[in-house]
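Asker: Model the placement of chain Y on the given structure of chain A, informed by the hints.
One line per chain: the protein sequences are A and Y, in this order. Each residue of the first sequence is one higher than the last, beginning at 1 in the working numbering. Each residue of the second sequence is one higher than the last, beginning at 1 in the working numbering.
Hints are computed from structural coordinates only; laboratory data are not their basis. Warning: the hint list may mix true and false statements.
Claimed, not checked - Straight-line alpha carbon distances no greater than 25 Å define the calculated DSS-like cross-link-like pairs of lysine-lysine that follow:
no.: 1; chain 1: A; residue 1: LYS118; chain 2: A; residue 2: LYS135
no.: 2; chain 1: A; residue 1: LYS135; chain 2: A; residue 2: LYS34
no.: 3; chain 1: A; residue 1: LYS34; chain 2: A; residue 2: LYS242
no.: 4; chain 1: Y; residue 1: LYS225; chain 2: A; residue 2: LYS147
no.: 5; chain 1: Y; residue 1: LYS225; chain 2: A; residue 2: LYS118
no.: 6; chain 1: Y; residue 1: LYS5; chain 2: A; residue 2: LYS147
no.: 7; chain 1: Y; residue 1: LYS162; chain 2: Y; residue 2: LYS172
no.: 8; chain 1: A; residue 1: LYS118; chain 2: A; residue 2: LYS147
no.: 9; chain 1: A; residue 1: LYS147; chain 2: A; residue 2: LYS135
As the list claims (entries may be wrong) - Incomplete in silico selection of chain A near chain Y, CB under 8 Å:
no.: 10; residue: LEU56
no.: 11; residue: SER59
no.: 12; residue: ALA90
no.: 13; residue: PHE96
no.: 14; residue: GLU98
no.: 15; residue: GLU115
no.: 16; residue: ALA116
no.: 17; residue: HIS120
Glycine is no exception: its CB is placed at the ideal position from the N, C-alpha and C atoms.
As a plain string of letters, each chain reads:
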Amino acid sequence: MPLLEIRNLQIDFGRPPHALRAVDGVSLSLEAGKTLGLVGESGSGKSVTALSIARLLPSPPAFYTGGEILLEGRDVLKMSAADLQSIRGALVSYVFQEPGASLNPVFRIGNQIKEALKLHRTGAATDAEVVRLLKLVGIPAPEARVKSYPHELSGGLQQRAMIAMALAPHPELLVADEPTTALDVTIQAQIIELLGQLQQQLGMAILLISHNLGIVGDLADHVAVMYAGQIVETAPARELLKRPLHPYTQALMNSVPSLDADAHRLTAIPGAVPRLGAFPPGCRFHPRCPRAQPACSETPPALLESEPGRWVRCPLWNAPALKA
Amino acid sequence: MTDPKMTRFINRLLWSVVTLLGTAALTFFLLNAVPGDVARVIAGSKASPEVINEIRARYHLNDPWWTRFALYLGQIARGDLGHSYVTDQPVSEAILTRLPTTVALSSLAGVMWMVVAVPLGVLTARFRGSGFDRSILVVATVSLSLPSFWLARMLQYWLAYKLGWFPVATFKSFAHLLLPAASLAILFVGYYARLIHTNMVEVLDSPYIRAARAKGASETRVLFKHALRNALIPVVTILGMDVAAMLGGVLFVENVFALPGIGTLALQSVFNLDPPMIMGTVLFSSVMVVGANWLVDLTYRWIDPRIKGGH
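For reference, chain A alone in the conformation it holds in the complex (with noise of 0.2 Å):
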């Protein structure tokens, strides 16, 4: 059994028939310590799928209108609110954009790394575990850090305490959402890297949610590709990166910068993400896409397994590129 299997994932925002389908049908599945990517541009509906594993996304406005959210085989969807509160943080735990603004601005680190010590493990929530989860993570002279508040901290040492935070209880799962999107290139790597070390130290499975393919592709080992509220795309990571099959992962493939590719420009795939409410109709990605034919925007393509392990929402992704 998975510890997290996401069965036909169905989140609107609003009721009919204003209502506003963000997530479309998604289904994934993460065995115990691995690494599962979730790829896709803002507007994807990746954050929100990351959201509702442990139902954080509040209701109003968002209605789970179908599917399930297995969690060590229990429907996350079904639970009571006091199992909600003893599966968050214990079970899932979250590491989120913002480290800056995720943290409270008028607790101490120490103060809010403890809290989450006291919600699960009672027992070990003592100034010396608190220590050793910032040593852990990496933050130099923890012991003096205990006591800082999160303004008093860089950008990264903030993402390194969420980080601490997040794994105090020893979560099984840890959902990490876009967690270096908002700090410098150089502390990015060392975050990722940090994930990675983790993981191996500690063996909890994790999520990461994230637009950049290049971060997603150093630690997944599995890849979904999410495009207007679908899975469009789902590989084992080395497989996808080596040959994406969907003309979108393709095209985000090649708006990664890489540094042993001479490009003298960057690519971007023209036209934008459509508006919740909005998407075309056939092949949501047709508008922007350079195979796009007739037929693509009269029948909305199905996921197709095109090798074992390997799911496609193209029903094009064999016939031979047009032009490279």
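Answerer: Using the frame of chain A, we list chain Y on its own:
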């Protein structure tokens, strides 16, 4: 003088003295400009011109006001607020005997304010847009538009005189304080419930609130620990400014309910045209306001660690 804390303290102290001196000078000047002969008030309407002249000389009433002000300041510097012209009671004694009543009244009003305004603000923010939120909004808007003297009189008339639920006036027991404190609290509850509501709504949308929920904190903990402390930061600022308004309310409420506090003393001394007593109560109130603002600043620093003293 390199210690910034010490510098800040001395700065603050100097400004407090300037504020108090300014208040004293202004009140003294206004008293001087008010029509009415203090000597005649002291001597009584049937006194002979000789007596009145004697009184004028004794109280330096013939000197220009700034000379008398200088004399008064010298007297205060020696810790002497003078004697009432009407009762001959020492002003400091009159204030101190009436202080407990005013302190009891304002503390009770403060407690009532906090016990009602804080939960209302927090819960209306949590359940914003609900029927509960909307009805509280209406009640709050009405309550903050009421003038204090009118509200105090209405509560007294209906709840005490007509229905007999509370004592009508004077201060003989704790029960006597309930209605006056309530009329004082109601004026601030509506306003602060809305203020806390607005700040809470903003704070509840913050990423750190989502992070607190993601940690597994209970809803009560999220609201009253993580959110409330942040939502109170702007409230504390406004609170400092409202201390003076609150003292104004005390003046009316004490008089309506005939409570023997500083407010009744102040009003009485104005009707009596009793300058030492007026100066004494005004100065005492100013010290209270300055002190309260000082306290608010300290609280502000404590509640928001991002604020470290200016340079």
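Asker: Are there hints from earlier that the structure breaks, and if so, what are their numbers?
Answerer: 11
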